[in-house]
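Number of protein chains: 2
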Amino acid sequence: MAIQDMDRLLDAVRHALKTQDLPTALQLVQQLRSPDQADLLERLDDQEQALILQRLTPEDSADILEEMEDEEAAEVAASIPLDKLADIVEEMEPDEAADLLGDMAPDKARTLLSQLDDAAEIRPLLLHPDDSAGGLMTSEFLLLLGEMTCAAALQAIRQWDPEQDDISYFFVVDENRRLRGVVSLLKLVSCDPVTPVHEIMDPDVISIQAGADQEEAARIMSRYDLLALPVVDESQVIVGVITVDDVLDVLEEEATEDIQRLGGTEPLDQPYLLTSAWELFKKRIGWLMLLFVTGSLTGTVLRFFEDDLSRVVSLSIFIPLLIGTGGNAGSQTTNTIIRALAVGDIDLKDASRTLWHEIRVGVLIGVGMGIFGYIRAILWHVSPGVALTVAIAIFMVVLWATSMGSLLPIIATALKIDPTVVSGPVMSTLVDATGLLIYFSVARLIVLRGL
Amino acid sequence: MAIQDMDRLLDAVRHALKTQDLPTALQLVQQLRSPDQADLLERLDDQEQALILQRLTPEDSADILEEMEDEEAAEVAASIPLDKLADIVEEMEPDEAADLLGDMAPDKARTLLSQLDDAAEIRPLLLHPDDSAGGLMTSEFLLLLGEMTCAAALQAIRQWDPEQDDISYFFVVDENRRLRGVVSLLKLVSCDPVTPVHEIMDPDVISIQAGADQEEAARIMSRYDLLALPVVDESQVIVGVITVDDVLDVLEEEATEDIQRLGGTEPLDQPYLLTSAWELFKKRIGWLMLLFVTGSLTGTVLRFFEDDLSRVVSLSIFIPLLIGTGGNAGSQTTNTIIRALAVGDIDLKDASRTLWHEIRVGVLIGVGMGIFGYIRAILWHVSPGVALTVAIAIFMVVLWATSMGSLLPIIATALKIDPTVVSGPVMSTLVDATGLLIYFSVARLIVLRGL
Numbered sequence: 000m001a002i003q004d005m006d007r008l009l010d011a012v013r014h015a016l017k018t019q020d021l022p023t024a025l026q027l028v029q030q031l032r033s034p035d036q037a038d039l040l041e042r043l044d045d046q047e048q049a050l051i052l053q054r055l056t057p058e059d060s061a062d063i064l065e066e067m068e069d070e071e072a073a074e075v076a077a078s079i080p081l082d083k084l085a086d087i088v089e090e091m092e093p094d095e096a097a098d099l100l101g102d103m104a105p106d107k108a109r110t111l112l113s114q115l116d117d118a119a120e121i122r123p124l125l126l127h128p129d130d131s132a133g134g135l136m137t138s139e140f141l142l143l144l145g146e147m148t149c150a151a152a153l154q155a156i157r158q159w160d161p162e163q164d165d166i167s168y169f170f171v172v173d174e175n176r177r178l179r180g181v182v183s184l185l186k187l188v189s190c191d192p193v194t195p196v197h198e199i200m201d202p203d204v205i206s207i208q209a210g211a212d213q214e215e216a217a218r219i220m221s222r223y224d225l226l227a228l229p230v231v232d233e234s235q236v237i238v239g240v241i242t243v244d245d246v247l248d249v250l251e252e253e254a255t256e257d258i259q260r261l262g263g264t265e266p267l268d269q270p271y272l273l274t275s276a277w278e279l280f281k282k283r284i285g286w287l288m289l290l291f292v293t294g295s296l297t298g299t300v301l302r303f304f305e306d307d308l309s310r311v312v313s314l315s316i317f318i319p320l321l322i323g324t325g326g327n328a329g330s331q332t333t334n335t336i337i338r339a340l341a342v343g344d345i346d347l348k349d350a351s352r353t354l355w356h357e358i359r360v361g362v363l364i365g366v367g368m369g370i371f372g373y374i375r376a377i378l379w380h381v382s383p384g385v386a387l388t389v390a391i392a393i394f395m396v397v398l399w400a401t402s403m404g405s406l407l408p409i410i411a412t413a414l415k416i417d418p419t420v421v422s423g424p425v426m427s428t429l430v431d432a433t434g435l436l437i438y439f440s441v442a443r444l445i446v447l448r449g450l
Numbered sequence: 000m001a002i003q004d005m006d007r008l009l010d011a012v013r014h015a016l017k018t019q020d021l022p023t024a025l026q027l028v029q030q031l032r033s034p035d036q037a038d039l040l041e042r043l044d045d046q047e048q049a050l051i052l053q054r055l056t057p058e059d060s061a062d063i064l065e066e067m068e069d070e071e072a073a074e075v076a077a078s079i080p081l082d083k084l085a086d087i088v089e090e091m092e093p094d095e096a097a098d099l100l101g102d103m104a105p106d107k108a109r110t111l112l113s114q115l116d117d118a119a120e121i122r123p124l125l126l127h128p129d130d131s132a133g134g135l136m137t138s139e140f141l142l143l144l145g146e147m148t149c150a151a152a153l154q155a156i157r158q159w160d161p162e163q164d165d166i167s168y169f170f171v172v173d174e175n176r177r178l179r180g181v182v183s184l185l186k187l188v189s190c191d192p193v194t195p196v197h198e199i200m201d202p203d204v205i206s207i208q209a210g211a212d213q214e215e216a217a218r219i220m221s222r223y224d225l226l227a228l229p230v231v232d233e234s235q236v237i238v239g240v241i242t243v244d245d246v247l248d249v250l251e252e253e254a255t256e257d258i259q260r261l262g263g264t265e266p267l268d269q270p271y272l273l274t275s276a277w278e279l280f281k282k283r284i285g286w287l288m289l290l291f292v293t294g295s296l297t298g299t300v301l302r303f304f305e306d307d308l309s310r311v312v313s314l315s316i317f318i319p320l321l322i323g324t325g326g327n328a329g330s331q332t333t334n335t336i337i338r339a340l341a342v343g344d345i346d347l348k349d350a351s352r353t354l355w356h357e358i359r360v361g362v363l364i365g366v367g368m369g370i371f372g373y374i375r376a377i378l379w380h381v382s383p384g385v386a387l388t389v390a391i392a393i394f395m396v397v398l399w400a401t402s403m404g405s406l407l408p409i410i411a412t413a414l415k416i417d418p419t420v421v422s423g424p425v426m427s428t429l430v431d432a433t434g435l436l437i438y439f440s441v442a443r444l445i446v447l448r449g450l
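Top line first, the protein sequences correspond to chains L and B. Taking numbering that gives the first Met the number 0, the leading residue of the first sequence gets 0, the next gets one more, and so forth. Taking numbering that gives the first Met the number 0, the leading residue of the second sequence gets 0, the next gets one more, and so forth.
In short, the hints are calculated from the structure, not lab data. A hint or two may mislead.
Identical copies go unnamed one by one, so any copy, or any two together, can satisfy a pair.
[Unchecked claim] Derived lysine-lysine pairs resembling DSSO-like cross-links, with alpha carbons at most 27 Å apart:
| no. | residue 1 | residue 2 |
| --- | --- | --- |
| 1 | K17 | K415 |
| 2 | K415 | K282 |
| 3 | K17 | K282 |
| 4 | K348 | K282 |
| 5 | K17 | K348 |
| 6 | K348 | K415 |
| 7 | K83 | K186 |
| 8 | K282 | K107 |
| 9 | K186 | K282 |
| 10 | K17 | K83 |
| 11 | K415 | K186 |
| 12 | K348 | K186 |
| 13 | K186 | K17 |
The whole structure should be built from the sequences, with the hints applied where relevant.
Structure below.
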């Protein structure tokens, strides 16, 4: 079965739990794959989740905890007795276990760690920030020495018994664990048993520093089609390995956060339906208020021109259209530029090239939309002066919006601010209020002159 | 070296080409990895690219063409003599070769195909649409039979000589090539030579139909942490395999398209700096004009209330703020919902649950922003009636925007329309014009009553 009818199953599990029929509940959960099990459990309350996790095998429970959202997993873990929890964590991949420990209450995490046989594998992983390459890596990997023969390497591989078995290549090191190359398992299997590994390895191996950002690791792996990326310290000693499944999650999460921020909301910590209305409110209200305050500048500008407005009321008809067009032209540009920065199509060095690009686009769009606006105004039978004002103002606002829209994300990146965060409020302030200023200034030159 | 200073290198290559020093140009290109080589070449003109690709080894040129944007690769291929091109395509992975052939002029593609030794591998791949699971799969895979011993399986694997060697698992089939299970290479290496493969394989293997959408394949692989996904026909016969590196590209591309569409621009076909200003203009102007037309509805509403406006000019001060707040509240919701739909956090069944969720959020935000707007209005010293009008209108507009913002993407998905496409124009029409209608209706009840 591919994707479950989760709701039906969830009802059945809830019913079983309510009637104290734990065996049935367990059986229903067990027929699922671990990502689906995690989804199902996340819809139950913490007590119910803990009840089920204690009764499944530690291997199954470990798989489920690995698939859960980090915060959720830590909450459930808090409801499981420490000795049971230790059995489960023992079965988790070291990087996932470290993430869980990092999200638990510090004293509880310390006690738990002291009970683990694998503590030595997990402890070094706790030192790295969650969003660094080090925080993403696992300490479960097997290193080969260049002098080993293929037969010896295969022998070592056979004796190794990792939690994960989807391994496609191994990293080769010197006697000081310094990274020297990479060799695929397929090549090891096919090579002459007496050939030393260094003869068949690829010495051109890409690595990353433990302190680098996790997004950089993700970009490198995606760009060079890597299934595993070795993490090294300053002296090229290998300290961990990042696998592609973790990187898929990072890229997904990052795109989700960007899309949510571009919509003007703080990124959610959990899937949508698991986020309460109150939580959603808190994620959104701050930005709305900030945008309201920056948007208030438009009111200030309008109050300043209140006399002009009362003399030529028809000017007000175009206010939403003008602001809207400026805002749309601006967000076209910022979204494109922000994404181009995120995937590495442009970087800081391209600032002037990008600005020049957008100025030309702005002129083209400004002329097009200006003519379009002029026609629209004439069809509304306003005076030719107002129509001309609208056309010129649209041209200028569009050009201004595309220019600012290209510069702001780059400036933000240079200042190490997430460009998705600034683009909303700063763009709206710059484009909306400035747009009105431009509009009324043009109007004063053309329509309001004789009045 | 990790990421190149591309500009410096590009200048050097250009200089070498200009001085007819092809060996130097080739040497400069050869020191790079293929994704970087592709990036560099894409900045040269088609003739220069073709010149370099003809002189590199067919293996290197194949790697470069694989890394290029599809359209770009087809353009360059058109400049390479057919026999040289055949040598290169021969070295490409079958799925990449099929993509290239699909983008070339049909008659040229046919001639090329007739010259290829690998034609039999490529031909079936040409039958599937580019954006389907079948279009993403490769025909280069090795199948194992369940009855084979581990020793026989390893023997078959040793004789197999694929273009790609980062293989971590093999699929197991019955005598009719129907999918029966999956086994990791690591397990094959470690198992007793006489054990039959079906004893160590995992029979619970996830697969996808060739006609399914490529995004579905990507979601499944990301969800279940798969490095390879078998593609099957209706009778479960395996016809291809999708590898995780292709899926990374699909997920990236999809997120890029969503972000660009949410910004109100047609997705770009190429990286930003390779897209000309004219091309960017064409991608954007259509949406801007459509948004202008739908936005014109606000003008229609304003004209309808022109008398009211001229009687209480202070009402106009709040128009941009009101529309802005409605638009912001709406885009917060649509972006969140669109992403939740894309990553599978919600689906069509969750429509009513989502609407109810957003109504509650809308009430909370509406009350908060209503109070905030009232205070702002009072600080501008407008009459209490206008302030109250603003507060009530904001509350209603926000509630309307969050409700519509949650429903529209789901309705679009149900109608099989990309939700990112409709959300912009439909939302702006619904929220902006309706917002003004609400505003003036409230104003008539409160402020304009006695006038």
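Against the structure, the hints:
1. Taking the shortest alpha-carbon separations for K17 and K415, neither the intra-copy value of 51 Å nor the inter-copy value of 39 Å comes in at or below 27 Å.
2. Only within a single protomer do K415 and K282 lie at most 27 Å apart by alpha-carbon distance; the minimum there is 22 Å, versus 30 Å between protomers.
3. In this assembly of identical chains, K17 and K282 lie within 27 Å of each other by CA distance neither inside one copy nor across copies; the values are 34 Å within and 56 Å between.
4. Proximity of K348 to K282 under the C-alpha cut-off of 27 Å is restricted to the inter-copy arrangement: shortest distance 25 Å between copies versus 34 Å within a copy.
5. Within a single copy, K17 and K348 get their C-alpha atoms only as close as 62 Å, which misses the 27 Å cut-off; across copies the closest is 25 Å, which meets it.
6. In this assembly of identical chains, K348 and K415 lie within 27 Å of each other by CA distance solely inside one copy; the values are 15 Å within and 41 Å between copies.
7. With identical chains, the CA atoms of K83 and K186 are never at most 27 Å apart, being 42 Å at best within one copy and 29 Å at best between copies.
8. With identical chains, the CA atoms of K282 and K107 are never at most 27 Å apart, being 30 Å at best within one copy and 55 Å at best between copies.
9. Proximity of K186 and K282 under a CA criterion of 27 Å is satisfied in neither setting, with 51 Å inside one chain copy and 47 Å between copies.
10. When the C-alpha separation of K17 and K83 is checked against a cutoff of 27 Å, the pair qualifies only within one copy, where the shortest distance is 23 Å, while the shortest distance between copies is 71 Å.
11. Within a single copy, K415 and K186 get their C-alpha atoms no closer than 43 Å, and across copies no closer than 46 Å, so neither meets the 27 Å cut-off.
12. In this homomeric assembly, K348 and K186 never come within 27 Å of each other (Cα to Cα): the closest approach is 41 Å inside a single copy and 48 Å across copies.
13. Neither within a single protomer nor between protomers do K186 and K17 lie at most 27 Å apart by alpha-carbon distance, with minima of 55 Å and 42 Å respectively.
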